[in-house]
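Peer 1: This is what each chain is made of:
There are 6 protein chains.
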Amino acid sequence: MKVITFGEIMARFSPEGYKKFVQADRFEINYGGAEANVAVALSSFGIETEFVTKLPDNEIAKAAVNKLRSFDVGTKHIAAGGKRIGTYFFEKGFDARQSKVIYDRENSAISQAEINEFDWDKIFEGADWFHFTGITPSLSGNCTEICLKAVKKAKEKGIIVSCDINYRKKLWSIGKANEVLTELMPYVDICINPLGMFGATADGKISVIDSKSTEKLKEINSDLIKKFRFKKTAYLLRDDINSNLSKLSAAYYDGTDYYFSKEQTVNIIDRVGGGDAFSAGLIYSLLNNYDGQKTVDYATSSSCLKHSVEGDFLTATADEVNSYLNGTVKIER
Amino acid sequence: MKVITFGEIMARFSPEGYKKFVQADRFEINYGGAEANVAVALSSFGIETEFVTKLPDNEIAKAAVNKLRSFDVGTKHIAAGGKRIGTYFFEKGFDARQSKVIYDRENSAISQAEINEFDWDKIFEGADWFHFTGITPSLSGNCTEICLKAVKKAKEKGIIVSCDINYRKKLWSIGKANEVLTELMPYVDICINPLGMFGATADGKISVIDSKSTEKLKEINSDLIKKFRFKKTAYLLRDDINSNLSKLSAAYYDGTDYYFSKEQTVNIIDRVGGGDAFSAGLIYSLLNNYDGQKTVDYATSSSCLKHSVEGDFLTATADEVNSYLNGTVKIER
Amino acid sequence: MKVITFGEIMARFSPEGYKKFVQADRFEINYGGAEANVAVALSSFGIETEFVTKLPDNEIAKAAVNKLRSFDVGTKHIAAGGKRIGTYFFEKGFDARQSKVIYDRENSAISQAEINEFDWDKIFEGADWFHFTGITPSLSGNCTEICLKAVKKAKEKGIIVSCDINYRKKLWSIGKANEVLTELMPYVDICINPLGMFGATADGKISVIDSKSTEKLKEINSDLIKKFRFKKTAYLLRDDINSNLSKLSAAYYDGTDYYFSKEQTVNIIDRVGGGDAFSAGLIYSLLNNYDGQKTVDYATSSSCLKHSVEGDFLTATADEVNSYLNGTVKIER
Amino acid sequence: MKVITFGEIMARFSPEGYKKFVQADRFEINYGGAEANVAVALSSFGIETEFVTKLPDNEIAKAAVNKLRSFDVGTKHIAAGGKRIGTYFFEKGFDARQSKVIYDRENSAISQAEINEFDWDKIFEGADWFHFTGITPSLSGNCTEICLKAVKKAKEKGIIVSCDINYRKKLWSIGKANEVLTELMPYVDICINPLGMFGATADGKISVIDSKSTEKLKEINSDLIKKFRFKKTAYLLRDDINSNLSKLSAAYYDGTDYYFSKEQTVNIIDRVGGGDAFSAGLIYSLLNNYDGQKTVDYATSSSCLKHSVEGDFLTATADEVNSYLNGTVKIER
Amino acid sequence: MKVITFGEIMARFSPEGYKKFVQADRFEINYGGAEANVAVALSSFGIETEFVTKLPDNEIAKAAVNKLRSFDVGTKHIAAGGKRIGTYFFEKGFDARQSKVIYDRENSAISQAEINEFDWDKIFEGADWFHFTGITPSLSGNCTEICLKAVKKAKEKGIIVSCDINYRKKLWSIGKANEVLTELMPYVDICINPLGMFGATADGKISVIDSKSTEKLKEINSDLIKKFRFKKTAYLLRDDINSNLSKLSAAYYDGTDYYFSKEQTVNIIDRVGGGDAFSAGLIYSLLNNYDGQKTVDYATSSSCLKHSVEGDFLTATADEVNSYLNGTVKIER
Amino acid sequence: MKVITFGEIMARFSPEGYKKFVQADRFEINYGGAEANVAVALSSFGIETEFVTKLPDNEIAKAAVNKLRSFDVGTKHIAAGGKRIGTYFFEKGFDARQSKVIYDRENSAISQAEINEFDWDKIFEGADWFHFTGITPSLSGNCTEICLKAVKKAKEKGIIVSCDINYRKKLWSIGKANEVLTELMPYVDICINPLGMFGATADGKISVIDSKSTEKLKEINSDLIKKFRFKKTAYLLRDDINSNLSKLSAAYYDGTDYYFSKEQTVNIIDRVGGGDAFSAGLIYSLLNNYDGQKTVDYATSSSCLKHSVEGDFLTATADEVNSYLNGTVKIER
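Protein chains in written order, with the numbering used here: chain F, 1 to 333; chain V, 1 to 333; chain W, 1 to 333; chain D, 1 to 333; chain L, 1 to 333; chain U, 1 to 333.
Simulated from the structure, these hints should not be mistaken for lab results. Everything numeric in this text was worked out from a predicted model, so none of it was measured. Even for Gly, the Cβ is constructed at its ideal location relative to N, Cα and C. Heads up, some of the hints might be wrong.
[To be verified] Computed from the model, here is a short list of chain F residues facing chain D with C-beta under 8 Å:
(1) F27
(2) I29
(3) I60
(4) N66
(5) E106
(6) N107
[Said to hold, decoys possible] Taking lysine to aspartate or glutamate pairs in the EDC-like style, the calculated list, with each CA pair at most 16 Å apart, reads:
(7) W:K100 - F:D319
(8) D:K100 - F:E59
(9) F:K100 - D:E59
[To be verified] To list a few chain V residues with every Cβ distance to chain U over 12 Å, as calculated:
(10) E28
(11) A61
(12) A63
(13) G74
(14) A79
(15) A80
Using the sequences and the hints, build the whole thing.
Peer 2: And the structure:
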């Protein structure tokens with residue numbers, strides 16, 4: 001089984017511990033980006049992966065590639081060139097002090113990539129699954145074109161396509177996102193987190209699993225299924241208590257039935273990549289033909305577990321996700 | 001609007017993370033002191049400030065001044081000379097393990113300052129507000145004299161005077177404090193945290209806002225108002241659960257009515273300066289003519305937010321305090 | 001009063017903060033082992049102690065000895081020689097992510113020590129108490145023999161013997177443990193944590209103090225007392241909520257009556273050595289002739305407090321344990 | 001005396017110690033840029049300074065401003081806006097392993113500043129000196145225009161103008177630099193390091209002060225003086241032995257005579273900003289009316305001393321430069 | 001071109017900076033071992049590599065594999081199992097204070113590997129070169145057998161075999177080494193550093209290239225060539241001045257002629273792996289058909305450059321080695 | 001053999017690496033003081049030692065005691081009480097940038113100790129040697145008295161007394177030092193470094209061993225011997241090249257003959273305690289009855305080696321000093 005993901009990987013600079021930007025003399029560097037995060041998590045679960053992007057020829061970009069490779073993610077289809085690797089600055093919040101993200105990703109190599117820099121026939125050789133998120137088409141018109149070409153080619157080859165909508169208002173307006181993503185959706189088999197996009201909105205926020213919100217969610221989902229003919233959909237719901245504490249739950253629709261995880265309260269050491277770990281858990285479950293309930297539980301546990309790991313990457317084995325799912329907390333010695 | 005604060009700034013040495021003194025090979029250095037903390041917080045809120053003290057001519061003291069200046073606090077009235085900068089050692093507690101403070105501030109430059117080293121006419125040029133705490137007069141007889149001269153001069157010039165009683169039993173006895181502060185109070189417009197001083201004590205501790213304690217608080221406050229003719233008073237109440245968790249609430253009397261904040265449960269990353277952030281929040285609110293409820297809420301939020309920031313200083317904008325007040329916790333991206 | 005403990009001290013390598021093994025470029029080094037931990041805690045409480053082991057002639061072992069000596073533990077009976085100091089790797093868990101221990105202690109100097117390397121007559125000069133745990137005899141046949149010789153000699157000299165069963169399934173099978181420990185128990189006066197050994201098992205886990213489990217515990221204890229004629233027994237019960245949170249309680253049988261601590265919820269900064277701090281608290285209480293209730297409370301508080309200190313060692317004074325016991329959490333300043 | 005400098009300040013990320021980019025998990029952050037460095041050094045020498053630039057409204061930029069302010073550099077004319085602060089990555093070389101610089105400064109706020117964002121009449125109020133380097137006009141056409149406007153205004157107001165040519169081939173071609181700088185030179189009084197520009201080249205590299213090279217240098221200098229009517233010129237010559245060791249010397253022409261420093265061998269802890277410290281030393285000497293020999297010696301010592309300080313900034317007092325100049329190396333205690 | 005190396009990779013723990021073991025609370029972890037080091041250097045030069053060993057199933061071993069993979073070394077033939085990864089402790093010397101190495105590598109997984117755990121037919125598929133060092137056969141009788149099997153198979157398949165004698169007296173006696181290595185040499189094409197082994201000793205130490213020592217070296221080399229029919233030999237000579245400074249030079253015999261590098265004085269940041277970088281440089285040169293002089297120069301430069309990089313690995317491109325060889329030391333910017 | 005030393009131990013705060021005070025957010029803490037340093041070095045050489053001082057009852061002082069004990073220095077005669085432990089700040093110089101020391105040791109516990117707090121009869125039980133330096137009497141009049149009492153008692157008991165003059169101009173004037181030390185000298189058997197005191201000055205500085213300076217030194221020494229009847233004297237001469245490099249040499253007069261070490265050029269990682277290591281080396285040599293040449297060589301090597309170790313303490317075995325003396329620099333592995 002082999003999964004291809006396509007998008008941007010950035011260098012992330014974050015002050016040590018809970019220092020604020022204005023207090024920090026040292027920054028930890030991590031590398032991450034939605035689709036890279038999915039690739040690393042899947043690779044940690046034991047799935048063969050390739051991450052596709054474009055990176056400039058400098059040693060910060062090289063360090064990003066090295067890091068991916070260290071977690072056994074394939075990097076041989078990464079295009080070389082461009083001027084810079086996207087970066088972002090991340091300040092961890094504490095309690096009611098919010099986390100802060102400063103993006104500095106404009107003009108990154110991938111955002112300026114040309115459509116003919118990626119040979120999808122070659123990239124998709126032996127692949128079973130293609131995953132991207134709404135962030136990739138948001139980066140530039142070229143990136144939108146490349147995504148479109150990729151999903152068409154995937155469709156053509158019978159490769160499953162999943163997309164995490166992942167709307168970021170610092171990257172594009174909701175209107176523009178709607179327009180672009182609507183063009184891509186017909187090629188998507190499995191849509192993750194479409195809430196808020198495509199008119200899929202409730203009166204209030206749907207952030208927990210209760211009878212009222214599940215009813216509403218089912219209604220919204222029905223409309224989406226009608227519109228785009230997704231084979232499956234999944235929703236990660238988060239109810240943030242403070243910067244260190246969230247409640248997570250999820251819904252999964254397998255094309256016929258709905259499955260809901262139970263709500264998990266998670267202490268947070270690093271929330272970045274929590275949604276990507278959900279996508280990875282979902283893909284892993286489907287590749288393993290887990291049943292609907294196990295699927296939503298595994299995906300949710302994967303996301304929960306990510307919140308306990310520093311950096312953007314979930315580097316946990318499938319055994320560790322299952323151990324979380326089963327509630328084990330003792331040290332073995 | 002310009003606020004002058006006067007007191008001691010110390011170098012604080014604290015083991016990294018939650019290490020104990022006897023475990024630590026590295027110490028983080030921060031600079032702080034009640035009145036310096038108020039100046040930094042006000043400056044972060046956008047108010048022009050000057051911090052007045054005396055510091056020796058060495059590079060540790062210079063680093064303290066640099067740090068103040070980095071947060072845009074004016075330092076041009078700091079007197080030069082003396083032998084040492086006061087220092088203190090701070091070990092962060094964890095859960096039921098208590099935090100520890102070892103003061104090494106005797107014979108500091110400010111404690112040995114002479115009355116004629118400060119030209120209050122010049123210092124108060126263009127100033128609207130003067131703030132000090134009970135710590136400053138506790139440092140030495142000279143410091144008491146200097147405070148007295150300063151508040152008299154402020155009074156003369158129509159500058160508002162606020163004082164945070166801030167009683168520290170490691171610095172002076174309650175009897176001595178009472179005697180000295182009683183002499184200063186007639187010049188104070190706004191008195192913060194007088195509980196426990198001037199006979200202002202209840203049978204039990206007043207640490208939460210409930211009907212019984214608010215009644216008691218009002219009674220006590222009436223007596224104080226009668227005695228010292230304060231224009232306004234404010235009380236920060238804290239109920240410490242353990243070293244990482246407190247409940248905070250506050251009362252504010254605007255000369256006519258009482259206003260109470262709701263109780264906030266705060267996770268603590270660094271509790272030092274929590275009271276000073278309350279004073280800063282109060283001063284800021286009054287400079288902005290906030291109404292009574294907004295005043296007590298802003299001051300309390302300012303204090304709560306401080307507990308989530310490392311070091312003695314609250315370096316948060318007024319927007320960040322308001323965002324706390326409004327309960328926002330999402331990352332924007 | 002002088003306490004001798006005998007066992008293994010290891011070098012422990014743990015990633016900084018909450019990093020995972022695969023993320024860490026720097027490791028903190030601590031030294032610890034069940035009996036060394038008991039010695040350090042007792043020494044911190046003010047008791048004269050000697051720790052007996054065997055260590056190779058290299059600077060990592062020397063650093064371990066230096067560390068013990070820094071906490072005033074006597075080291076003059078440590079045998080010299082052998083090839084290596086045992087090591088282990090410890091990854092701190094966070095929330096539902098489990099802590100991980102990788103032992104690398106085989107072939108350590110102590111595990112290969114010979115019976116004649118320890119002159120117990122000399123070691124026990126002036127001693128009042130001898131403590132070891134089930135880990136020591138598990139290390140090798142020789143270690144079992146040495147333990148047997150030590151406890152017999154202690155018995156002969158009227159020295160009190162305590163043993164914490166401390167079963168570790170990574171070290172030996174339950175069957176082997178049973179067989180070996182059964183041989184040692186007749187020489188033990190005070191047995192700590194025998195649950196799970198010697199057939200002392202309930203239907204379900206006994207991890208909290210409630211009426212049902214105390215009944216069961218008393219039953220089990222009666223059987224053990226009959227079998228081994230222990231003078232006293234003690235049980236530390238832990239109910240782990242997640243990697244950062246446990247509930248602790250304890251039971252103590254003084255030969256006549258049962259005493260139960262109240263349940264404490266503890267936030268955990270480092271759980272290693274929590275059981276050893278319980279043993280140290282128990283020994284300290286008995287050396288001070290505390291009454292039964294104070295004994296179980298002090299021992300439990302000692303264990304709780306350990307959870308708030310980094311490393312394997314509890315370096316807290318008896319005053320600090322009592323301050324915990326009394327629930328004080330304010331900073332004094 | 002007041003000096004204005006104008007240019008870019010960047011965030012610099014460098015691996016701790018001598019780690020390579022691909023080895024580093026932590027980066028130290030420093031702030032610097034040629035003209036900011038000159039301002040900080042002058043401020044440390046006791047001169048009033050203002051640094052003019054444009055910076056975006058984010059906390060990394062804010063941290064840069066805070067850092068400048070901590071060293072008492074005026075920041076009140078910094079224009080606000082734009083998308084990003086320029087950044088660069090710096091890997092310290094060791095021995096024959098070269099240092100590496102990766103620039104990521106395109107599209108920085110200052111490079112996209114508009115000509116009307118700087119009110120030079122206001123900026124130059126009370127100013128005696130204006131300094132910029134060849135880097136500033138290289139950033140964009142707008143920056144060239146702004147420089148031109150600034151130097152014309154300075155001329156008009158009788159403010160001394162100095163320019164360090166500071167050619168960087170990663171920023172622009174030698175041809176383009178020549179063309180642009182030639183337009184600016186007529187407004188420059190004191191030109192620093194014009195070697196290699198304006199046809200000012202020798203057959204070989206002029207990197208040491210010997211009879212042959214001084215002859216050549218005088219010849220070249222004569223041509224430049226004729227061409228641009230500079231009042232004074234100065235040349236910092238460096239002969240790099242390896243990444244940790246250089247030989248520095250300098251020449252200074254005061255409009256009439258030549259002065260040469262003696263050659264200094266310097267061990268290097270951080271070479272960035274060495275040229276800027278030379279400029280600052282030169283400006284300081286001229287503001288103090290030092291004689292020609294003292295001028296070239298002070299400027300050279302200032303540069304040498306910079307090589308012993310981490311980061312881009314020379315934070316040394318004039319006393320410390322003089323103590324270097326006089327060769328004192330003992331600790332006083 | 002593909003190179004296979006076979007041996008042990010260890011976790012190395014070294015105090016930060018120049019701290020001594022007894023001073024260190026934090027250790028940096030690096031991974032390395034002679035043959036792994038050669039693989040990483042070759043991979044950095046752009047050669048396809050596979051490193052073969054046996055490692056246990058734990059996360060410290062996993063981190064070692066991740067690190068290799070991050071530098072693009074193939075790890076798919078690493079056998080799984082065994083009890084522990086070998087470790088060693090390394091204290092960096094300073095000036096005349098010597099560096100210290102404490103090995104703790106006994107009973108490592110590779111030392112206890114069985115002969116049938118490596119399928120050399122499969123491992124050698126597509127391979128052009130096989131490299132090992134004298135350390136591997138020293139680890140155990142099994143390891144000797146495995147080496148013998150590997151070199152015979154390589155011979156059979158026409159794969160070039162190189163061996164760095166790399167004698168370590170902490171691992172085996174000179175007599176035993178002689179006996180074992182004599183058995184392996186007939187299968188070795190290129191022998192590196194045989195001085196001191198096989199009776200190849202001079203009266204004094206041969207550590208520099210001068211006329212007397214080159215004569216002696218040629219004599220010794222002739223004997224070795226006669227004895228073992230090596231196709232080529234190479235000698236890295238080091239003259240250690242102190243812990244931070246060495247003089248390196250090398251000799252290379254291409255089967256016909258002798259080539260000598262010039263002597264290089266190197267400042268040392270980490271000397272571990274300096275010999276392995278020489279081997280990697282030699283192999284790279286021969287794979288690229290460099291002439292004799294370029295070969296010895298490149299290999300020497302590669303070794304020199306290693307001394308400027310922290311850890312066991314040389315992570316430098318061939319361009320960087322050549323830049324060293326050409327003496328470039330400027331920063332480009 | 002047992003050596004008693006008496007003086008002050010301070011907490012030293014130094015920025016990490018080569019950061020300047022104004023750059024540092026983290027400080028390393030070390031403990032040291034002239035006589036404590038001598039005790040630690042002697043203890044590392046294998047001599048039984050006791051360090052006598054007075055320290056307050058707080059955890060910073062406790063950490064100092066723990067550190068001494070970790071290096072096996074006896075601490076049981078340390079008087080308890082007083083207000084503070086002396087501290088000092090140390091900024092490491094680099095190249096021509098000087099190191100800086102800021103003392104903050106006034107009013108330390110030892111400086112305010114009373115004469116009857118030390119029971120010298122008890123302290124000197126079993127002692128063979130008493131060592132102090134000129135720093136101790138400089139601390140206060142009481143300290144002078146205590147020293148006088150101690151040396152008289154030592155004399156009475158036939159204990160050898162050594163004193164390192166160790167003049168520090170930040171502590172007292174040369175006149176006062178002369179007066180006080182002249183009173184103490186009659187009780188001193190072995191005087192170290194009297195140059196500059198007691199009129200023992202040359203025309204120029206005596207910092208190297210050459211024929212001219214040795215003649216002068218002998219002359220000066222003769223006068224001192226006549227004056228105070230010292231049994232032996234020793235002189236450590238240092239010629240500082242820059243902050244990282246010194247030349248050290250020494251002279252020793254055994255009462256009959258002069259012995260000179262050869263000059264050693266030392267790279268410096270931490271120069272503090274270099275003189276104390278010389279004293280320790282001298283005492284060790286005399287306790288071991290080394291001959292005159294070995295004595296001066298061992299003492300000099302001990303001092304040289306200290307310069308390669310971080311902190312105030314030389315923690316090296318006698319074997320390591322001898323290995324330095326013999327010029328060994330290879331790693332053994």
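Peer 1: Now tell me if each hint is right for this structure.
Peer 2: These are the hints, each one checked on the structure:
1. Below 8 Å, beta-carbon pairs count as interface contacts, and F27 (chain F) has one with chain D at about 5 Å; its hint therefore holds.
2. Checking I29 (chain F) against chain D: minimum C-beta separation of about 6 Å stays under 8 Å; hint holds.
3. A least Cβ separation of about 6 Å between I60 (chain F) and chain D falls short of the 8 Å threshold, and the interface hint therefore holds.
4. Taken as an interface hint, N66 (chain F) checks out: its beta carbon lies about 6 Å from the nearest beta carbon of chain D, inside 8 Å.
5. Checking E106 (chain F) against chain D: minimum C-beta separation of about 7 Å stays under 8 Å; hint holds.
6. Checking N107 (chain F) against chain D by beta carbon gives a least distance of about 6 Å; that is within 8 Å, so the hint holds.
7. Between K100 (chain W) and D319 (chain F) the CA atoms are separated by roughly 14 Å; this keeps the pair inside 16 Å, and the hint holds.
8. In summary, the hint linking K100 (chain D) to E59 (chain F) is supported, as the alpha carbons are separated by about 10 Å, within the 16 Å threshold.
9. Distance check on the hinted pair: K100 (chain F) and E59 (chain D) sit about 10 Å apart at the alpha-carbon level, within 16 Å; holds.
10. Not every CB of chain U is more than 12 Å from the CB of E28 (chain V) (nearest about 6 Å), against its label as outside the interface.
11. With 12 Å as the threshold on Cβ separation, the claim that A61 (chain V) sits away from chain U is violated: the shortest Cβ distance comes to roughly 9 Å.
12. At roughly 5 Å, the least C-beta separation between A63 (chain V) and chain U is not larger than 12 Å, which violates its mark as non-interface.
13. The beta carbon of G74 (chain V) sits about 19 Å from the closest Cβ of chain U, which is more than 12 Å, so the claim that it is off the interface holds.
14. No beta-carbon of chain U is positioned within 12 Å of the beta-carbon of A79 (chain V); the least distance is around 19 Å.
15. The claim that A80 (chain V) lies off the interface holds: its Cβ sits roughly 15 Å from the closest Cβ of chain U, which is beyond the 12 Å cut-off.
Going through the hint list in order, the structure does not satisfy hints 10, 11 and 12.
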